[in-house]
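Going down the list, the protein sequences come from chains A and B.
So that you can map any letter, position 30 of the first sequence is 30 in the numbering used here, and since no number is skipped, the others follow by simple counting.
So that you can map any letter, position 32 of the second sequence is 32 in the numbering used here, and since no number is skipped, the others follow by simple counting.
Since the hints were derived computationally from the structure, they do not count as laboratory data.
This structure is a prediction, so every number in the text was calculated from the model and none was measured.
Pairwise CB distance ranges (calculated): (1) VAL81(B) / SER83(A): 16 to 26 Å; (2) ARG28(B) / ARG30(A): 18 to 28 Å; (3) SER83(A) / ARG30(B): 16 to 26 Å; (4) ILE75(A) / GLY58(B): 34 to 44 Å; (5) MET1(B) / VAL20(A): 29 to 39 Å; (6) ALA5(B) / ALA4(A): 18 to 28 Å; (7) SER83(B) / VAL81(A): 16 to 26 Å; (8) LYS85(A) / MET1(B): 41 to 51 Å; (9) PRO84(B) / LEU57(A): 42 to 52 Å.
From the structure, some residues in chain A lie toward chain B, with a derived Cβ separation under 7 Å: (10) ASP31; (11) VAL52; (12) TYR53.
Below, simulated DSS-like cross-link-like pairs (lysine-lysine); rule was C-alpha separation at most 25 Å, straight line: (13) LYS80(A) / LYS85(B); (14) LYS85(A) / LYS80(B); (15) LYS85(A) / LYS85(B); (16) LYS80(A) / LYS80(B).
Ideal placement from N, C-alpha and C gives every residue a C-beta, glycine not left out.
2 protein chains.
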Amino acid sequence: MTIAASIGIAAAFLTTVSFVPQVFRVMRTRDTHAISLWMYLLFSTGLALWLVYGLMLGLWPVIIANSVTLLLSLIVICFKVRSPKRPAQG
Amino acid sequence: MTIAASIGIAAAFLTTVSFVPQVFRVMRTRDTHAISLWMYLLFSTGLALWLVYGLMLGLWPVIIANSVTLLLSLIVICFKVRSPKRPAQG
Numbered sequence: 001m002t003i004a005a006s007i008g009i010a011a012a013f014l015t016t017v018s019f020v021p022q023v024f025r026v027m028r029t030r031d032t033h034a035i036s037l038w039m040y041l042l043f044s045t046g047l048a049l050w051l052v053y054g055l056m057l058g059l060w061p062v063i064i065a066n067s068v069t070l071l072l073s074l075i076v077i078c079f080k081v082r083s084p085k086r087p088a089q090g
Numbered sequence: 001m002t003i004a005a006s007i008g009i010a011a012a013f014l015t016t017v018s019f020v021p022q023v024f025r026v027m028r029t030r031d032t033h034a035i036s037l038w039m040y041l042l043f044s045t046g047l048a049l050w051l052v053y054g055l056m057l058g059l060w061p062v063i064i065a066n067s068v069t070l071l072l073s074l075i076v077i078c079f080k081v082r083s084p085k086r087p088a089q090g
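Work out the full structure: start from the sequences and follow the hints.
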């Protein structure tokens, strides 16, 4: 494997697993106030399109990485839409 | 341009710009309590590696998309580390 390919795999791994601590945080605290719903809606739509792109071209790393991130992103959205609203601070 | 390429461009655009509403939200409210610092640290490291990958292979779309997202992600980290801590809720 080339150095570039190794770096690409490490990059894909990190950007995918990075959402795990965010999911754990909202599960633990149930606090989603600071989280932008628009961010997660746009991000999830983008991930769904990456998934379609991967499926069309048969790119398994793209399919796997984006499926996992999409699942994590949708979990954050579920907590966000179910959390009670409170006034913005500051 | 193929349909797959168009979908890929739309996907890259959405996953990049999705962080703009999150940056605006933390700038407006100064509230970062629900945001996971670990998520943004891992995500930014991954984006930096994508940037290296793009630079090594001369992939301009990868370089541009990841530079923009990395900048937005670092802004969120700056607000997060500068915000006063408060106890976790619930």
